[in-house]
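Chains as they are written, first to last, in the working numbering: chain A, 1 to 306; chain B, 1 to 247.
Because the hints were derived from the structure by calculation, they are not lab data.
Yeah, the Cβ is synthetic: ideal placement off N, Cα and C, and Gly gets one too.
A few of these clues could be false.
25 Å max Cα-Cα, derived PhoX-like pairs, lysine-lysine [as the list claims (entries may be wrong)]: (1) B:Lys3 / B:Lys105; (2) A:Lys86 / B:Lys245; (3) A:Lys234 / A:Lys166; (4) B:Lys239 / A:Lys86; (5) B:Lys181 / A:Lys86.
Listed next, with one range per pair, are the computed distances between beta-carbon atoms [as the list claims (entries may be wrong)]: (6) A:Glu103 / B:Asp212: 47 to 53 Å; (7) A:Gly303 / B:Asp182: 49 to 55 Å; (8) B:Leu83 / A:Gln107: 20 to 26 Å; (9) A:Asp155 / B:Thr41: 27 to 33 Å; (10) A:Tyr51 / B:Glu174: 45 to 51 Å.
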Amino acid sequence: MAESQEKPQGPQTTGHVWDGDLQEYNNPLPQWWIYGFYVTILFALVYWIVYPSWPVGQGFLTGINTITYVNSQGQEETWHWNTRAKLLREMQEAAAQQRPWFERIAQMPYEQIVKDPELMGFVRSAGRALFTDNCAGCHQVGGGGKIGHYPNLTDDNWIYGGTFDKIRETIVQGRHGYMPPFAEALSRAQIDALAHYVLSLAGEPHDATQAAEGKNLFHSHTAACYYCHGDDAKGRQDLGSANLTDRIWLWADVPSATDVPSKVALVRQIIAGGLNRGNMPAWEGRLSEEQIKVLTVYVHQLGGGQ
Amino acid sequence: MFKFKHEALETNTGLLLVATMMAISVGGLVEIAPLFLIEDTMEKVEGVRPYTPLEQMGRDIYIREGCYTCHSQMVRPFRDEQLRYGHYSLAAESKYDHPFQWGSKRTGPDLARLGGKYSNEWHVQHLIAPRSVVPESVMPNYPWLMENRLNYADIGQRMRALRAVGVPYSINQEEYERNVKDFGPEMAAQFHIPNARESLVAQVRAGNYDGDPSYVSEMDALVAYLQVLGTMVDFSQIKPEELVKFR
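With the rest of the complex left out, here is chain A:
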């Protein structure tokens, strides 16, 4: 390090003296720093004039800066600058940019949207963002779902229906699946027989004699499973009752159980305890009509739309 060229000056002190000999050095701030400080004061003065600043009585100085936006009557309105006015205008500008897209989506029937590659590009990117923010917590990123909790939206198996209209209905009004518990209405043996029958429907290993007994029960007035799941056990989409004849399980994770007793136990639990967990929230009011339409098409094309 180079030695300082300047002759070392004697230390400057503030002149304060404590206890007879305790002194305080005085090292003034550099000039550029001081001027920088004056500049910030000047900046504040300009800022006070342009933006809302000082409180005065029951109001405040609103500043000379203004923002113009369109009000609910469609007229232009000007207000002093503030973050809410700025947001309103930004939302309106962005909406104007996206309007060509959303307008086309709002007007076109679903079938045509799907055939328009340009629009579908928009649906895929806007839809993915909407899905990640709102749906992925339950249906998981990509829509794969979670056995035991949330249905898979990427397969062609639909609880409530996979047409555009049904998907839209699901999103708009939400869904609530309900199956009553049978623990009191049926004996343990009856429930086990039904469980074997349900396993047989899904092509899972089971006990044939018990399944035959279960089949009778299924269609009897005692258990009345057929009433909700249908005579063919394929489920009713108006009730959201599961199709029991396929290999897709939502509530009982039967495929991952390795032996028959544990498979039976899983189904027994459902029949005995019923189901009241299937709650899909309603999105009307939370999402706009256009957003719901984009999501409907997005979910439809995840894989299994009908």
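Following the hints, complete the assembly by docking chain B onto the known chain A.
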């Protein structure tokens, strides 16, 4: 002219104390005092009400568990926030919050508009084990919320404390009737301190928030609270330009 000498301050403790206080209070006065004076600070919107006893207990658990260290409850008026979370928060929406939960740290998402976004089942599962529904989550597990019985013996005292700072919970017939007028009979009954424990249990029975009706858990209270966040004001009834004028 008056010549100011540093020494006068530095050698006089009492004076130094007074001057320090004055310097510090300028910041507070400039930022806080105008909010009480300016007429348009609080938006005039319908629907904002105090929390029910159960929701209030849930709110206290939210604070106890430190949820606010990772979650804000304040959607700012920016486009990206509005698109992700919903309508920006209003001052009026936290007028019964003592203390408010605006927060300043977002390790997790903002929760100001959470109510109705998820089902009760989801909240229960997510609070017990967040990674079971959101694999990449860094939120801690809160399994004890389900196991702990809710201790609501002191709910009346809690409400009295809030009443003392201006929340309109009622302790007598007159106040109760005022609440009937302001919030309707159903809510007024919830806000009546002498009946607080019964109201709390009734809401748990009706809502069955944690899926186990056999006892009142801390989970019941927390989920009831989470489900009401940001749902009180119906924004479809408010013209956006009206809110602009409250700033």
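Which constraints among the numbered hints does this structure fail? Numbers only, ascending.
Numbers 1, 5, 9 - these are the hints that the structure violates, sorted from lowest upward.
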